[in-house]
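Chains A and B are the protein sequences, given in the same order. Taken in order, the first sequence gives residues 382 to 834; the numbers are from this note's numbering. Taken in order, the second sequence gives residues 20 to 783; the numbers are from this note's numbering.
I should point out that these hints are in silico values taken from the structure, not numbers from a laboratory. It is possible that some hints are incorrect.
Said to hold, decoys possible - Quick look at which bits of chain A chain B covers, simulated, 3 or more residues with Cβ under 8 Å: (1) 410-423; (2) 456-464; (3) 511-518; (4) 729-736; (5) 810-819; (6) 827-834.
Unchecked claim - Pairs of lysine-lysine, DSS-like flavour, derived with a Cα cap of 27 Å: (7) Lys-698(A) to Lys-131(B); (8) Lys-147(B) to Lys-696(B); (9) Lys-522(A) to Lys-22(B); (10) Lys-558(A) to Lys-689(A); (11) Lys-173(B) to Lys-409(B); (12) Lys-558(A) to Lys-699(A); (13) Lys-696(B) to Lys-586(A); (14) Lys-696(B) to Lys-698(A); (15) Lys-713(B) to Lys-640(A); (16) Lys-772(A) to Lys-449(B); (17) Lys-713(B) to Lys-442(B); (18) Lys-522(A) to Lys-30(B); (19) Lys-391(B) to Lys-300(B); (20) Lys-610(B) to Lys-622(B); (21) Lys-522(A) to Lys-713(B); (22) Lys-590(A) to Lys-131(B); (23) Lys-409(B) to Lys-165(B); (24) Lys-22(B) to Lys-468(A); (25) Lys-689(A) to Lys-566(A).
Just so you know, these numbers come straight off a predicted model, no measurement behind them. Note that CB positions come from ideal geometry on N, CA and C, so glycine has one too.
Here is how the chains run, residue by residue.
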Amino acid sequence: MDIRFLLNGEPVALTNVDATQTLLDWLRIDNQLTGTKEGCNEGDCGACTIILIDKEKSIRPLNSCILFLPQIDGKAVRTIEGIRKHKVQDKMVEFHGSQCGFCTPGFITSMVAANINGDRDHNTTLAGNLCRCTGYEPIVKAARASEDEKKPAWVEEDFKRLSDLPKSGSKELPKSKEELAEILKKEPNTQLIAGATDIGLWVNKDFQKFQNVAFLNQVSDFSNIEEQPEAWHIGAGTTIEKLRSWASDEAPSFAKLLKRYGSTQVRSAATLGGNIANGSPIGDSAPALIAMETELVLRHSKGQRKIKLENFFLDYKKQDINKGEFVEYFIIPKKNISTKCYKISKRFDQDISSVCGCFNIVLDDGLIKKCVIAFGGMAGIPKRAIHVENKLLDHLWEKEVLQSCRKTWGEDFSPLSDLRSSSEYRQTTAHNLLLRYYYETLGANTNVQDVEP
Amino acid sequence: MNKAVPHDSAKLHVTGAARYVDDIPIPARTLHLAFGLSTIAKGKIKSIDLSAVKEAPGVADIILSHDLPFKNDVAPNANDEPLLADLNVNFIGQPIFIVAAKSHTEARYAAKLAIIEYTEEKPVLSIKDAISLNSRFEDGPRIYQKGDILSAFKTSPMTLEGKLELGGQEHFYLEGQAAIASPQDDGEMVIYSSTQHPTEIQHKVAETLGLDMNLVKVEVRRMGGGFGGKESQGNALACACAIAAVRNNSTVKMRYDRDDDMKITGKRHDFQIEYTAGFDKLGNIKALDVKHYVRCGWSQDLSLPVADRAMLHADNCYHIPNFRVESHRLKTNTQSATAFRGFGGPQGMIGMESIIDHIAFTVGADPDAVRKRNFYTAEKKIKDGFKPQKSHYDMEIKDFIVHEMMEKLLEDCDYQTRKSKVKEWNRENKILKRGIAFNPVKFGISFTLTQLNQAGALVHIYNDGSVKINHGGTEMGQGLFQKVAQVAAHVFGIETNKVQITATDTAKVPNTSATAASSGSDLNGMAVKQACDIICARISSYFIDKYRPNTNDVKFKDGRIKGSNFDIAFEDAVHEIYTQRISLSSTGFYKTPDLQWDRIVGKGRPFYYFAYGTAVSEVVVDTLTGEFKLLRTDILHDAGKSLNPAIDIGQIEGGFIQGLGWLTTEELVWDEKGDLKTHAPSTYKIPCASDRPKIFNVRLFDNLNLENTIYKSKAVGEPPFMLGISVFLAIRDAISACGNNWPNLKAPATPENILKAIRYVDGT
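Kindly produce the complete structure, drawing on both the sequences and the hints.
Here you go:
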């Protein structure tokens, strides 16, 4: 396929590109731009971070190792070589923020992107950049010391040049939902690619090849968040980062969970639709959305179909999606957005949950009048704890009542033991998260992250 | 000297201009390699079908063990590690064949297509299995001992027994293993390798190609992190590239994809430590019997010296009159565990720190009071005439400064007040418990294989006054090159930016030791200083001659060379020396004095001196889930008279966080078949930015090395790693607030392991 983009300000037109060639390989191998490094080839270390600028004026740090060339069509790429001279670079030298230096270009690009966006939560913006030498202290100091830096001139230059960039018009880059539905009608086995944060690994690590592909990032009206009287409608193409920013106003507990979903780089690429459609048993958005009684709208060339999200997951990696269908949008009832979300993982940031528990519990005069509990990591699919819910419903929100469920979890879940945790730990923790919620409602200190030294 | 100047490559790092092996421009027709790996942990190869590999796109060559014309061995010394398995397979991830292809991705893809049949045997995986099958290196355990533990136990008022399980650790250098082999017209092989040990690469490549060492040249400008993981683990890549380069008469490159890197290469040794302690009711230790069970993996690699160093640090800071350490080096069908920052020291030390806490818990004393009671005699007292005490390996401990460091640190971080606040919090809070702990570090500096404590250097002054230096040390981010440049600049009295640092090169300085054991600046700084001193002596002697009788002393300062009746700019003086046909170039050489060590008997002086450190960490633990957060860490560390305080503080902060990772988030998991399930950063979690303590104070202890090291500085690479132990002790302190039992906490302290310990402590 043919694509056009800006590389460090200069227009590039490529013809016949392999749809799953990564930007990182293209930069390093085809262009000798070796400042961008490969650390893990799976989007977990951030050494390959570049800045992607688009016409909508978003400025995102992304992992170029899991970014396919067609995803940057019509956009502007800034690599470490195109940063020119930025204050974070001087401050990194001044504060001794590099030792071996291998992760440094990725840190610089992440820091510059955050700096331009005015994002000052440095622990969060840097959670996707691993450094094995410094222990991060001098890097965060450098980020802080650069906060007052002005926006670099090349940002406006790129915006301006982007508006002059001609469209490439490749058929693998549908521009509308109708076009996408047509592609799927003609070729139902087309592999849809949105953020590629999962598919990037299928290609890089498992060498998967696809006969037909369609990239979703140019589909219009696909990443809208719309407010309806009773519900929020979230487009399937909404990135997790955009969802998080929405949730931080509307659904604070969900927002806290989403902050720990991958890293800034991953959240800026990954979409909600992708996370759900791939049916991962440990994807963090699913249990939260199930607990929120979210509905899912699937689209087909002939029309739409609406189902409850909890019914979408049939079995391990098996979803209720027909040939020719794609996930169009989600309906989250407003009454459920205060659902409590908890995540347990070995590392706080950028880790996959061993257990993710979400509780939509409504009390009325001390009685549990509504109870929807969903978990990730407890079964082959994200799943509700129906037996526990039934045991709690219409009972008092009291410790004894909650404790009486201790054994009930086993009726809902028989989790696996794997590298993340044992079955026994998962079972115990599921119950203890319910207790955490209870103690939280009593006003007890329950979150280690909130404790001040 | 002693200035906090930035890393010499800092500006290259932040612009992406710093070049690593994979960034070196290569000829268009370069071949790329990947290993085909074993998929079983133990057995014999029955058949290998490579037809699909051959037909895969881009494949140019396939190499099996029988294609190797000379030695099939990449072991650092024991000759027990074939580059390619011939018949026996010893772990999942062992290289069996090499594929050469036109691209890195094509080589990786093709390597997965082989069909290999095996006769499977039952693998030895766990420490328990290895003990029961007596699967080990060496004929039996090594034992170091002093005094008479049997009678001391009999007279000890109290005794206790305990056990500590410690996981391993993946290095996770951000730059994976990589090498390039470039054949020259005259039969020489030039190797670019990401290695801490260029001479060993040279040696192993020469063996593989059947060449003399003078036909192999190895160059290393910088590594993207090493941490011990590039001391021996780069041999396989360099040898594979060299052999493929000869066969195909082509430049050949190999770099491991991250998953391959983690599946193939060795890691930190996991340990099981068992102990029996005899003590009085105040916690004075009378007798100690410690057993180390060390999981070494399938080949010996550096396991013997690693396990030795663990034994040598089993006392940490404490004088124990009757002491026995027994060390079992167990052979298992897993990756061959290798060097990793601390080199066994961390495992030995955390064992001792746990014993102290366990004793304090048993007698109901403050653990820090028990620490103080058992400390070695202070350096100050020895200066006042007290007799130094001897360690369990018969070395006099003369430079022990932890008393003062501890006192200062505890005062600076308001330890006692915070300790009572922790108790108060724990009385008031049911769900979240706090813990606080102090830990001291005493780390022995020198290679325990005495012959390795030598270094060479090559220094040139060009006739315009610019200086070029070279030495045997390698740069992996630790700032060695900058420190050594500071030494040269100081001797010549010029600015550091006049000193050009060059890539480590076996053609310039031969027969080097690995940059390891924290020894880089001690050894290479001294070797460079000696070379500079030789040149200075020539310059001085010329000017003394010229300006006699008024001048009998020449000074090199502020870019000038001065005597009592002359004062010349350095560059002019140098030019004059050149015109007088006096050499402005010299080699330098250094060997650490006064070392004497017998590792079998376990007696002597293995270390030139000790580097010390102290840390206090405070944590909060969630008793419902086992999650924890590190709230605050205060460190006071001894770098002697620091050569570069900025670089040293960087080593301390980074070492501490790496130690924190080892003991908390970093968990290696193998399945029941011996397959490593945590082989990428998605599943193996090194600390990230938010894991560092909310408050993090790091200071250097103002101190001069007792011994005559380079400008009285001390080595700083490894010792701070062990300050991370304070976090583990603090977590255990928090757990012990949950009940009455001794918290038998396993490392790493993952949420699951913490919750398990809590449930044991509170009796649920």
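Structure-based check of all given hints:
1. For the region 410-423 of chain A, the stated coverage by chain B is satisfied: 11 residues place a CB nearer than 8 Å to a CB of that chain, which reaches the threshold of 3.
2. For a cut-off of 8 Å, the count of residues in the region 456-464 of chain A with a CB near a CB of chain B stands at 4, and the three-residue condition holds.
3. With a cut-off of 8 Å between beta carbons, the region 511-518 of chain A has 8 residues touching chain B; three or more are needed, and the interface restraint holds.
4. For the region 729-736 of chain A, the stated coverage by chain B is satisfied: 6 residues place a CB nearer than 8 Å to a CB of that chain, which reaches the threshold of 3.
5. Here the region 810-819 of chain A counts 5 residues with a CB under 8 Å from a CB of chain B, which clears the bar of 3, and the coverage holds.
6. Counting residues of the region 827-834 of chain A whose beta carbon lies closer than 8 Å to any beta carbon of chain B gives 7, which meets the minimum of three for the stated coverage.
7. Proposed proximity of Lys-698(A) and Lys-131(B) is supported: the alpha carbons are some 24 Å apart, at most 27 Å.
8. This hinted pair checks out: Lys-147(B) and Lys-696(B) have alpha carbons roughly 20 Å apart, not beyond 27 Å.
9. Proximity of Lys-522(A) to Lys-22(B) is assessed by CA-CA distance (about 20 Å); at most 27 Å being required, the pair is judged to hold.
10. Restraint check for Lys-558(A) and Lys-689(A): satisfied, since their Cα atoms lie roughly 22 Å apart, inside the 27 Å limit.
11. Annotation: proposed proximity of Lys-173(B) to Lys-409(B) holds, straight-line Cα distance about 23 Å (limit 27 Å).
12. Proposed proximity of Lys-558(A) and Lys-699(A) is supported: the alpha carbons are some 24 Å apart, at most 27 Å.
13. At most 27 Å may separate the alpha-carbon atoms for a hinted pair to count; Lys-696(B) and Lys-586(A) meet this at roughly 15 Å.
14. Between Lys-696(B) and Lys-698(A) the CA atoms are separated by roughly 20 Å; this keeps the pair inside 27 Å, and the hint holds.
15. Between Lys-713(B) and Lys-640(A) the CA atoms are separated by roughly 18 Å; this keeps the pair inside 27 Å, and the hint holds.
16. This hinted pair checks out: Lys-772(A) and Lys-449(B) have alpha carbons roughly 26 Å apart, not beyond 27 Å.
17. Taken as a hint, the Lys-713(B) and Lys-442(B) pair is honoured in the structure, with Cα atoms around 20 Å apart against an allowance of 27 Å.
18. For the suggested pair Lys-522(A) and Lys-30(B), the alpha carbons sit about 17 Å apart, so the restraint of at most 27 Å is met.
19. A threshold of 27 Å between alpha carbons decides the hint, and for Lys-391(B) with Lys-300(B) the separation of about 15 Å falls inside it, so the pair holds.
20. For the given pair, Lys-610(B) sits about 21 Å from Lys-622(B) by alpha-carbon distance, which is consistent with the 27 Å threshold.
21. The suggested pairing of Lys-522(A) with Lys-713(B) holds, with an alpha-carbon distance near 13 Å, which does not exceed 27 Å.
22. Using a Cα cut-off of 27 Å, the hinted pair Lys-590(A) and Lys-131(B) holds, with the two alpha carbons roughly 15 Å apart.
23. Among the hinted pairs, Lys-409(B) with Lys-165(B) is consistent with the structure: their alpha-carbon atoms are about 9 Å apart, no more than 27 Å.
24. Pair hint Lys-22(B) plus Lys-468(A) holds up; C-alpha atoms about 23 Å apart against a cutoff of 27 Å.
25. At most 27 Å may separate the alpha-carbon atoms for a hinted pair to count; Lys-689(A) and Lys-566(A) meet this at roughly 24 Å.
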